[in-house]
Each structure stands twice: as C-alpha cells, then as structure tokens.
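Input sequences plus hints: build the corresponding full structure.
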Amino acid sequence: MKITTFILFLAIMQASAAVFSQKITYKENDVSLKKVLIEINKQTGYNVFWPPKSIENTHKLNVDLENNSIEEALNICLKDFKLTYTIEGKSIIIKDASTTNTNIPLASIIADITVTGTVRDSKGATMQGVNIQVVGNPKVGTVTNNNGKFILDVKDGAVISVSFVGFITQTFTVNQDNKVFNIVLLDDVKQTQEVLITAYGRKQLKEAVVGSVTTINPAELKIPASNLTNALAGQLAGIISTQPSGQPGQDNAQFFIRGVTTFGYNNTPLILIDNVELSTDDLARLQVDDIASFSILKDASATALYGARGANGVILVTTKEGKIGKTTVNFRYENSISQSGQTLQLADPITYMKLYNEATTTRDPLAQLPFSQNKIDNTEATLANAPGSNPYVYPAVDWLNMLFKKSTLTQRVNLNVSGGNELAKYYVAGSYSLDNGLLKENIQNNVDNNVNFTNYQIRSNVNVNLTKTTELVVRMEGMFNEYNGPITSDGAFQTDLYNIAMHTSPVLFPAYFPADSANAHTQHILFGNYSGPGGSASNDIQDNNPYAALLRGHENYSESRISAQLELNQNLKFITEGLTFRTLFHINRYSYWQSSASYSPYYYSVGSYDKTSNQYTLDWLNPQTSGNNVAREYLLLSRDPSTDNLSSFYFLQSMLNYDRKFGNHTVSASLISTEQQTVYSQVYDIESSLPYRNLTVAGRATYSYKSRYFLEFNFGYNGTERFSPEHRFGFFPTIGGAWVLSNEKWWDNDLSNIFQRLKIRASYGLVGNDNIGSQRFYYTSNVNLDGGNPATFGTNNSYTRNGVTINNYANPNITWETSRQLNLALEFSVLKDLNVTAEVYRFYRYNILQTLNSIPVTMGLEAPISTNYGSAITKGIDIQMDYKHAFNKDFWLQARGSFTYAESVYASFEEPQYNEAYRSEIGQPIGRQYGYIAERLFVDDVEARNSPSQIFSAGGIAPMGGDIKYRDLNGDGKIDGADETFIGYPTVPEIVYGYGVSAGYKNFDLSAFFQGQAMVSFFIDPSRVSPFIQSPDPYVIGNTQLLQAFADNHWSEDNQNLYAEYPRLGVTGAQIENNRQQSTWWMRDGSFLRLKSLEIGYTLPKLISEKLAVKKCRLYFNGLNLYTWAPFKLWDPELGGNGFNYPIQKVFNIGINATL
Amino acid sequence: MKKYKSLLLALLLFSGLSCKKYLDVVPDGTGTLDYAFRNRNEAENYLFTCYATLQQLYDPTTNAGFTGSAEIIYPNNLTQHPISEIGFDLVRGSQNSANPGLDYWDGINGGEDMWRSIRRCNTMLANINEPVDLTAAEKQRWIGETKFLKAYYHYYLLRLYGPIPIVDTNLDITASTAQVRVSRVPVDSVFNYISNLLDQAAADLPPTITNQAQELGRITSVIALSVKAEVLATQASPLFNGNPDYAGVKNKNGQLLFSSTYDPTKWQKAAAAAKAAIDACAAAGLKLYTFNAPGTIGTLPDSLVKVLTIQNAVTEKWDQNAELIWALNPVFPVQGYATPRLTQLSAVNIFSNPSTFAVPINTAELFYTDKGVPLNEDNTFDYANRYGLRVGDAASQFYVAKGYTTINEHFNREPRFYANIAFDGGIWFGNGKTTISDMYHVEARGNSALAGPHDLNTLNITGYWPKKLVNYLSVYDDGFVPIDFHLPVMRLAGLYLLYAEASNEANGPTADAISYIDMVRARAGLGGVISSWATYSNNPSKPSTKEGLRAIIHQERRIELCFEAQSGWDLRRWKEMQTVLSSPQQGWHIYETDPGNYYQPTNALIPVFGIKNYLWPIQDNNLIIDPNLVQNAYW
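Taken in sequence, the protein lines are chains E and C.
FYI, this note's numbering numbers position 83 of the first sequence as 83, with every residue one higher than the one before it.
FYI, this note's numbering numbers position 89 of the second sequence as 89, with every residue one higher than the one before it.
Treat each hint with caution, since some may be false.
[Said to hold, decoys possible] Part of the chain C face toward chain E, derived, beta carbon under 7 Å: (1) 21; (2) 23; (3) 28; (4) 30; (5) 217; (6) 329; (7) 630.
[Claimed, not checked] Simulated coverage check for chain E against chain C, where a stretch passes if three residues somewhere in it have a Cβ under 8 Å from a Cβ of chain C: (8) 386–395; (9) 568–579; (10) 687–700.
[What the hints assert, rightly or not] With a cut-off of at most 20 Å between alpha-carbon atoms, the simulated SDA-like pairs for lysine to any residue come out as follows: (11) C/612 / E/949; (12) C/21 / E/1020; (13) E/875 / E/838; (14) E/34 / E/64; (15) E/974 / C/583; (16) E/203 / E/165; (17) C/612 / E/951; (18) E/974 / C/288; (19) C/21 / E/777; (20) C/21 / E/688; (21) E/1129 / E/1020; (22) C/21 / E/724; (23) E/974 / E/1070.
Treat the hints as calculated values from the structure; they're not laboratory data.
Being a predicted model, the structure only gives us computed values, none of them experimental.
Glycine is no exception: its CB is placed at the ideal position from the N, C-alpha and C atoms.
So this is what it looks like as structure tokens:
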C-alpha cells in the first residue's frame, strides 16, 4: 500500500507538469487491454496503474471511443473484464473486481503477535527469500531476508506456512507461547521441481528431463584435498574413477563416464566449465565453493548437442553468480595433515643379505656369496648399535625413512564475496592452496626439493542488466599453479624417488658419510656409493644413491590459464513470447614453463677400515673430469625451451531458444551454433602448428503434455578439420521420451502412498567422436622431407643428406567414431523420502579407428595404416539413491548411494586369424590383460625339464624347480606367445560404488562416505618387485629391495611351497626371466572398500556468532581415505601395479567456514 | 536428410562463417611425397633414403656373418649392455620363431626393416622421371644405384631366409587383403631375379668414383659385379644347391621352394661372374694391399711389415686401400671391444673401454703354422705338445715378448696369426709406440695383469683379442682414441678366394684356381699351396683332389677373412656351421696368474646349432597375418 501511495505521489507530481485533454478518441480492433490503457495514458496524461497479472493474459477487444470521458472510456473497456477502477487525482488505478474492498480496515491487519524466526536448510545455512504466509489470508505474508530471518505480525492462533521451491512446506500455529521459530526446511525429495543443468547450461526441471543426467550438490564434492577429481568416485552414478598417485599436483584421478566405452584413442569425457571445453587439470583445480552446479551427461539424448565430442559423456560445471541482496562474504580455511595411507613393508637388512645369499646359491651353487658372514655379523652389530660397530662401514639404511617424512601439512583458503541489486550482481572469489609433499629436506642443503604445489585462483562473475530484457555476463578467471619438487629422471614430475629407494640395497653404502680427517674442510655432503667387481659404478652412478637423488636439486613448473568470457542474454519477447537469444564469447591463454637446478653429488666409499681403532678412510669415487658424472658443488640450471607450452583458445557460441506453454502443451526449441579454435606453441612440424578447429550446429525440440508425456528430439551437426571434405561433417540425431506415470489422473492415492513419483524414460541416438587418433589430418600424408633416413658419403663422410620419412599415409576415408546409445531409466520416489534413479544402457561404439594388423610386413609400409574398423559394446547399470528425512526441527538424516556398473567388450577388432580362439580380442572386455596361466611352481628341476619348454627370449634360461609353471594352452609342447590368453578383470574397475550418511542434530552434523570398486584386476610387475634383480627402469641401477611378504613366503629348498607368494629367488633378470612374464601368478584382485571421508561439523549458536559479527560460522573436522578394506595388502590397491609410486594420502583436516 | 543438411549448412553460412574455409586449415605447400621428386635436389635426398638402410648394416654386432660363427664370443652375464648382444647370443641356441633375433624381415631385435627399404627403392624407381632438372646421365646412375640396393636388400633377406617373396613393384596402400598376402618364391627364382637386377645395375653404374671427397661409398659397377659373384656362389653352394634337407619344403600350393638336385652349372656361372668381377677390379686399378711404413715410423723388420700389411688391409684409410672393393661409410664402431689393456692408465680407467670381444681357441688354432699348413698337418710341429710352455726368444721377438712365458702354439705361426690375434705374451705394435725397441705386449694372466679380468663388465673370457679389428695407431691409454676405419664388405683377397672356390667346384683343382689362392698366400708371407703341402703336410697330396682343395680353400678363406663378418655367411652356405659349432668354444683360465695354470683350455661357451639354424625362422605372427607364407624347415 505504501508503495502505491508513493507511486501516486510521483504520478501527481508528473501530471501537474503537463496539461492533457480529458476526452479520449481511440478506435482499434483486436487490441490488448494493455495497449488501450497505455493509449488512455497518452491522451489524458493520467497515470494508469494495473496489477500486471490481471491484464497479462486477457483476451483482445475491439475499441471504438469518440470523445469519451475517462470514466466512460474505462467503463466501456473494462466491462468484459473482471476489473474495476478508481481515479485518485491524476491516477487511474485498475484493480481486480474480486477484491471487493480495497481499503482493508486498519484494525484487521494490526497484529496481535509478532512472530520472528530464522529459516535454514538441512546443512544449517540460512535461507533467503523463503515465503512466510498466513494460511487462508494471502494478504499477510513476508519473505526471509539475507540472513534468513523474518518478522511478521499475525493474529493469535493463525497458521503460518513456510515454503520454498524445492523444499517441503511446513506449517506452524502461532500463539503467545510459540512465536519464535527456528525452522529447518528439508529438501523435498518428491519435489518434481528439482532443476537439472543440461547441455549448454540449460536449466530444466528434473521432471521434464528425457536424457540421462546426474546432478550432484557441489557441496558433496568437498573433500579435504586440493584436487576435485579425487572426489568423483562413488559420488555420481555413471562415473568410473580411480586415483593412481598421491603426489600433490600429480594426483589427478582418471575417470570415465559409463566406463571405458571405446578402445580408440580418446576415452575421456568432455569437460565443460561455464560452457567452455577445458582440461582435466582445470577441473581438478576448480574450487568447490565456486561451483554452482555439477552435472554429468551420460546418454545420447543428453549429449547429442555436443555431437562430435560427446561420445564419451560430458561433465558440465557452472560457476556461481551473484544474487540480489546485500553483500555476502564467505570464508573458508582448512589445514590438513597428510600422510601415506599405507607404507611398504620391507624385510630388515639382515634378512635381505641372507636371502640375497640364498638367491645366489639357489641358482648357482658354486657362485661366490655376495655377503660374507663377517659382513652380516657386523651389520647386525650396526643395527644393535653395539660397541665397536660402525654404521658407515657396515651400513644398514632404511631408505624410505631416510627420504620421506611421516606426515606433511597442507593449507587451503577460500574467500568469496557476492551480492547485487536489480542492475547488477557479482560473485568474486579468490583461493589459495598450498600442498606439501612428504619428502625430507636437509639442513645442510638449502635447496628446496620437497614437493610443494601452490594454486591461486581469482574468479569474477558479474551480471549486468543492460535493459529489462538484456543481460550481460562477464566472467574472468585466472588459475595459477606453481610446482616445486625433486629432480626426476624422466622429466615428468611424478617423483621416482620411491622407485629408486625401492631399488637400492640397504647394506651397500650409507646415505652419506660424516667427514673423515681428510675431508674435514670439505663443503659438500659426502654421499655414499660403491664400485667394485660386479658393481654398477658407471656413468650413471649419480642416480644410485637415493638420498643424493633427493637432495641434489629441484625442478619446478609454473602454469597459468587466464580466461575471459562475455555472455549476452537477450529476451526476444518483443518478437514473440518465449524467444530468447544468447551469445557467448570465451577466450583463454594458457602458459607453462619448467626448469630445474641441480648440483652433481660427490660420492665416496670406504677405502680402508681399521677394525681395532674403528677408523676408516674415504675414497672419492667420481673424480673424472668428463662425462655426465662430473662432481659439482654448485647448482646448474637446466631449462629446455622446447618444454614451454603456450596455447590460445577461443570459443564462440550463439543460441536461439524458444520456450512456451500453450495450455496443457509445452513446446521448446533451441538452435545453437558454436565455433572453437585452439593453437599450440609446442609444435614440431607444419601440421601440428595448424589450428585445431570445430564447428557445430545443434538443435533441440521438445514437446510435453500436462507434465505427463515428454518428447524430445536433438541433433548435433559437427565439423572437424581433421577429416577429408567428404567426411568433415557428421550428423548425430537422438530421440527420447518420458512418461510421468504419477502425474496421470488414474494415479490415485493408494498408488501414491507407495510411489510418490514414478517416471520412465528412454532415449536412443547417435553421438560422435573426432578425436580418434594421434594423426593430425587423416586425409593428407605427413612426410618429413628432411630427416629420419640419412646417408653419408665421401672420404671423410663429408656429404650427408637427411633422407625422407613417411610418418603417415593419406587416408581420405577416415571418418567419425560413432556411438549408438540406448538408455532406459526408471525414476521413483518411495516411502516418501527415498528417491531412486535406475538406468540401464547399451552403447554400440563403431568406426573405432584401428591400425590394420593384417598388412604383412612384406608391404614395406613406413607407417601403419588405420581404418574405421573396430567396434565395442558397453552395457551397464547406474543407480543413484537418496533419502532425506527430518524427524523434527532439530534432527535430520540424509543418506545417499550410487552404484555404477559398466562392462565394455570388443565387438569387432581387426586382428590376425589366430589358430587359437582364446587369443582373439573379440568378445573380451576392454582393458583386460593378456598373459600366461600360471598353474603353480615347478616341484623340482626334473619336473621343469620334463614339462613343455618355457624359454622366453633369445638366450633365455630354462626354468628350475620353484619357478612358475605355465599352462600349455594349445598343447604344442612349448610355452610361447600362442599360450597367452586373456586373464582377470580389466584394469579399470567395472564397478564403482559409494554410499554415505549424514545427520544433523541441532548445531552438530556428522557425515561419513564410503567408496569402493570391484571387478578389477591389476598385475604386480615382477620385473620391478623381484628382490635383488635390477629394475628395467634405466635410471635405477641398484638391486631391488626385499618386500617382507616375499621374505616370509617364497619357494626355497627348505620351503618347497608350490603356491608360495614368490617363486624361487634369483639375482639377475635373466635367471628369473621365466617368472617375469605377465601371468595369473602376478594377477591380483584390485577391489576395495574405503572409508573415504568422515566429517563432524559444529555450527556456532546464533548468540556466539552474533557476538563475533558473523552470520554463520561452522567448524568442522574431517578425514580422507581413513581406512581401506581390501584383499590385497602389500600396498594401496588403488595404485594398481604401480606400487612403488607416491602413496595415496590419508588426510586429517580441520576447517572453518564463516559467512559474514 | 540431404535437405536438412543443406538447410543446416545454409544456417551455418548465415551465421557469418564460411564453414568450408574455416575447417580447411591445411595450407598449400604442406609436404607430401610428391615434393620429394620435384627437382634433382630433393630427389637426391630420396636416393640417400634408399641408401639409409644399407649404411645401417655397418654395425657388426647385428651382422649374422660376424656374430653367428663363434669366431668372436661375448659373455652373456654382464650387468651392463652397451652393445646389442642378440647376435652373439644366437650361437647359444637362442633363436626362436616367436621373437627371432636379428630379424631383418620385421626390422626388430637388431635387424633392419628390409621390406621397407625395398619399398623405398621401388618408390624411387617409380618416380625417377619426375625431377625436371635431372640429367639423363645422372638419372641412369641413380637408377643403377637404386636397382643395386633393391637387389642387395633382397639378397640380404635371401641369405637369411632362403626363398622369399619378390617385391618388384610396390602394392598400393589400398590393395586388397588377397593382394597383400604374398607367397614365397622358389629360391632359384630369387637368385636369378637378384643377379639379373645386378646386371642391369652394373650396366648403369660408373666403374669408379671420381669425386671421392663427396661420393666415396656410392655404388660402382665393380661393386655390383663383385656382389653378383658372391650371389651366384651362394646360389651354387650346398645350402641352396640341391640341399636334401630342404627337399620337401614347398608353398601351400605345392610349389617346391628349393631345387632338389645339385646343379654343377651353377658353379660355372659363379666362376664366370667371379672372373668378370676380378677383371673389372683390375681394370679399376684394384690390387692386393701391402704396408708401406710412413716416414714417421722408419724401417721395420719384415716380420712386422707382414703383420701390418695384413692388419692394414682391413684398417687402412679406405681411400688409401687399393684392395678395398666396397665398404660402408659409417666407421667400424667397436674397436674398443677388440683392444686389450696395455698401459697402466688404461687398466686404471676401466670405464672407457670394455675390451670384451673374446676369440676362442678354435679360431686361434685355425691359422696356419709359418709353413703355410694347418697346425695338425704340419710335420714340423709338435701338435700334441702345443700347450707346452715356452719362453719368448730373440728369433720371435717381433711376435712374442722376449723372456715372457707363453705356449708352443704361439710360436712359429704364419704372420696372419700375429696380425689377427692378440694373446698373452703377444707383441702389440702400435698403441702409441711405433719403434721396435719399445713395443707393448699383452699381459693377460690373472686380475692383476693389465689386460687380465678386472671386473665383470670389462673382461675377456678367453684370453684372445681380435687384433685385426684395431688400427695399430689407435691408442688405449687414459681413455680410448681410435683411428677410424671402414670394415670391408668385400675386398680383393676375398674375391680371389671366391673365384678359386667356384673354379675348383666347377672344374676341379686347376692351376688357375690355385694361382689365385697363392696370390693371397704370398701376400701373407706363405709359400704356394702345392709346395707347402708337398713339403710340410702330413697329407701332401691334399691339393690334388677337388675335396682336398675345397678344404684348403675353405680354411684359407676363414683365415684370410677372419673377423670380417664373412665366416658366418660362408659356413652357412657351405653347410659347415653345424660341424664348427659342435665343439665347445674354449679359452684359458683367465683368473690364473701362473702360466701353468693359465694355459688350461676351459669351456667359455657351449654352442647350440641345429640343422634348423641354417636359415632364420619367420616370426610366427607373420605367418598368421599372411597365411600364404610358409615357415622355414624345422622351425
């Protein structure tokens, strides 16, 4: 009412400024009432006010006014409408006729009771904009403010209802004793109004979605780790995910949507952040606090609009935008302690030496023992710290302990500010995280060699309403990573120190020597090493001492991506109601460089040792002055500009949308065009320097009737520069439909008591993939006209030409890899609070690019020829469940679970016609390994001799008793490649699941999440774990350490266990070559279940938080990867065969989250 | 559908993009194979591409002729693997069909990809008319070179695999499965194809290289004719000429792949070809090499000149070596493996040189006595007491260190023994010392000796080094400074012996045949065959029969071409490899210091060689991919 008065006042002011006619003349047919009223305003100068809803959808009328007065005109015009009017001064006020009494008596709204309260959601966050309404009196009501508070005057005994979209409406009766309310609104699981984010950021009611889309509340992805991809496993039905390493900055999980659905080149999903294709790294660094929505699109209908790039599924993330209201500041700080989840158990040095001796004589009884009894006795003395013992002459080094700390600290800070008004909204966020590694540093050495990964992010999303129908969105983001870590031998950043430590003898040399008298003034660390007969002193000596490898330097990289995005949303209702247009331009620039600095360690060994005086002298081992191995005290920088990487990317998208409801019929349609380009700096030839481009036209049409029947058609029409003009564009249509049975009239109360909601849906269609191989262009050949096949002539070889190399042959027939996808789903709500979505699907992926294996080498081709030959079938089930229940206003409970099963098999595969059917790839699961079937160990040498021959290489050594006996599958009397077959489950799990429970009581909340995987195999790599032998990794020279499990249980003359954990020992790779073959002997069950996270939170009571001047403050303590149940015990099974890698981290974290 | 698509395209165009252009990112001028033949300059580059594989054959460690006969053996228990050991392992019986060693069919495990090389030659020949600025004369020469290479690559496969498919023209990459599944061709057809191609090549090629500074190493007609002689001799040799072992080997369609009967006319052709090659060599000015001491060295005793003549026939600079028919441009890469440690510094700095090529006693005993007959035939030599100790004296001071104790059989040997073999107590002229008053000798007994075993990776497991493979000017002291040389693929002495062999096989022991053997012997300081045998052999009439002379020629060839990557091929074609590898390969007790203990023959390697090993197995996988291919016999 007050506003009306104010407007009236303004109107009067305005009217007094001009003189108008009091008569109206207007003649028009089929005109809207609104237009007539505007005309009246024009002619008379009277301001006309109307309740928009009342005249919005009125029918058209014919007007014929000839010098009529205002009153006459209004009477004529309004006579057919249930509208009335009053004239106050120079204003005409149109009202609904039903509101008989516009002047509500003052007495009736004078409150008896002032009700106050706060509304929160189940997480304890205050809710803004919640409707508080007196039941039966729609005039009395209010909404909660920014702090979730409301105040309302009502009559004693009135019933108020508290409602918000997506939440269960609650009602309360007000009386003198009950007028302060702390209300917790619970998510309405039955609510069909849940909004999903689908392709191109379209917000769609869950009810209307036909495709397969899983959306997760981003808060569920909040774990105490700085890598978002580590949180995906088990959270979203349809994602198969595993994490192969725990090293900060190098710990991205690998993830697949609905499993590995192709054996082609690219099997990873398309990642879209705010509509723009970005990398896994970009997703990994994204701050959960900045995410507004997180969806995965799983079937053809959902991904069709991405056509060419959607075949592997799509991950769709949008970032937050500001909301109208006062400025809100949200702050989060976390501090974590991180430690290895599981450390390797190694045998002690004495056992190591004894078994090394055993390993030597068991293969060659006459061989000289590597360790004398004297050495063993003295090492025992070292371990016992006996008087007269010397840990430098007779070392016993625990390398893992020497190199790695027990735990390390990690900090994360996140701050965001949002707010806005009708004109503009903003969301500005910044974050900082610092992850430290477990590597030790040395005080003698101020080179910072520990892993240290820092991430900074700045994000700003601003929405500006240029006009009532035009919105401009500006998104700016900067992501900056700085990594520092130990030198690695391969130039990648995944540390190999675990690997080096695991392949270094514990008793050969100490990590370093204290200075002897001769070296009293030496400035450098006197690192230990060795040389001698049978030793490996060579030019690679530098990597032999893991401690030196750790301390000698550091390598670092710096990476950043800066992006700017401009989006314009235009409502085109002036053309027709329901039409909107959006255009979006995104550009980003990525940059990366790396460098390293290291010194070259000085190595020493004990030259002479006087046992009586316990004095030793040192020999300097690397005095040479040339080669790789020259000792150097000072740091030298190593920087290779060819590792610099810059790329520039732009993306342009335009979209026309139409969405309108006609009675019971709702139709919508979209037409989208996109264009994107990436150019890279890291190029090696003309072809790789050319821009990578994509073009898309995509469209969507939907129809629904009465929220019961939904029909949807989508298509993507995509172009890529990689194929020949005939195949450049691919057309990928899909069709889908849904039926909400519970919205049918016949769905009576009896049924809805059981199933509150029941929906079935199905979709069928095609999606494509153009990223099918490493070749840049398939339709042109790639020839290196100056390199690769040189020849030199002349007396002194003075004339050389580099020759020509064919890298690829032209193949204009190569075309899109395509997936034909069928998806069936059932969604229902049962027991009021339990929501279930269950889906089954069958994908048929065809035209998978495959290298032709059937071309004999006699063709003499220089490069393989590929063709679109392969196909694969994926079948699977996704189930997502959630349950929410509030027992009363203080106590709520939530549970959720997801289950993903995906099995992909080769349907067709170009392969030779093997004589043995079991060698054929067809019908085998993708990722299933190939190897021998190990029966048991040979009983003795006689059995080994009399069994089918097992020699695996030129010059191979025949097996002995205690070596692995393989099955002669084809019965030809020899074990060779023809006896290998497919064994175990794939190395990517076929089942990933997770379930969690959270509960809140008053200010406390508690949640736990379990995650697991099943139907997965991995293979222990025998050439890397076998004790005493040399690892095949070129940078590792020492002899492999002895795992306790192998020390305890291996075949030996004394313990002829045919099923021992480890077969007969040996000291060279050649001796145990028989046992190093991939076989079922080394196959292990990779399944596990882990307590992934556990969290306890406490929200400060209002009294305290008000004192602290914060709106809300929550303290929480949580843990990550706390406990794992797995059949495999030697290391974390999620590492797979990669057991000597940086372990998966167990994290304990304390955090605070405050809203100001 | 088409309508919709055009509608969509129209929409795309409407959106302001010319989509066709947008996606057409490949600019004109992006290199394709056509550019390789646009002009002479580019085409020359492609010619060199054809040569590239040939030059990769320089590495003896992947040459079955070098590693396959146990002339040199290599330990297989080292912890470091600086060279490819696959070839050396083959004599241990490691060959297999699943993953063959020195697989030149697939280009793996030490082998080069010969089929790929043949395809390049065919591409060259198919496009040779494209370059606009190529003169007719040059075009003719390039055609000749390419045809030679194509023939040689076929020949290389033939020696290893016997009957092979002939790829005369390239199949298109879109060829059908049926077309690409080629079959093997009878071995005589392959020989004839190669010999015919070599004839064509020889006709197009120049006899000598005029611009040596820039072109030395390019193929000449002399090379083509010499290779043809070897090809035809191989065809006539027992392995391929009526070999009963291969009588039943046939293609899947029943076609026999080997001739079942011995054909003596093949030797006639071989002899004629060898004669033609010898004539061509003579016309080109080639002659047997003799050492002329450079001014810096001064006058040397005749005994040392003979040694250096023989050594340098291999290690002399190739433009100075009048005997050299053909060598490859990359230099001999493994001199350091053939050199014993002679100096204090070399023994300290064990990293710089592995010194691991070990010559077994069998090979060392192959060399004649100074009477020019085999050790066990020499009626002046106490064969039974050959391992008896003897101290070096003044008479043999240029061969054995004076006063140093060694054994009887290291004395009174032909100069080729001293040129080829370094042994405990043997004189090593060179290595930085080039005066006769101060010469190195080898000390190899026990690990305190300079050349003795110091550690696992730098030891010689027999006590003999292949001295011929080291230039006498190479210096191994504090580090290894080699004087490079090019290991001959063919030299005149070998061609002479090839002619003698073919002639003897074709016509029996004629004076003509023996005269060519005697030329080689004379250069080595030995008397003629007839007189040497008549005087000193306990089998004086041996040269008078075809079989006797054959044995003499075979041993002569093994001696003359020892360590030159020939015996592995010769012993195969003669079908003598199985005999040679039937006894253990022995060395001395290398860890012993006392000569009495040291000179005890001890097994260093037990070879394994079956009849199947005469030819290589085709990798199993190839037989699965191409069902028309049949495996070699016994694999």
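Against the structure, test the hints numbered earlier, and report the numbers of the ones violated in rising order. 1, 3, 7, 8, 9, 12, 15 and 18
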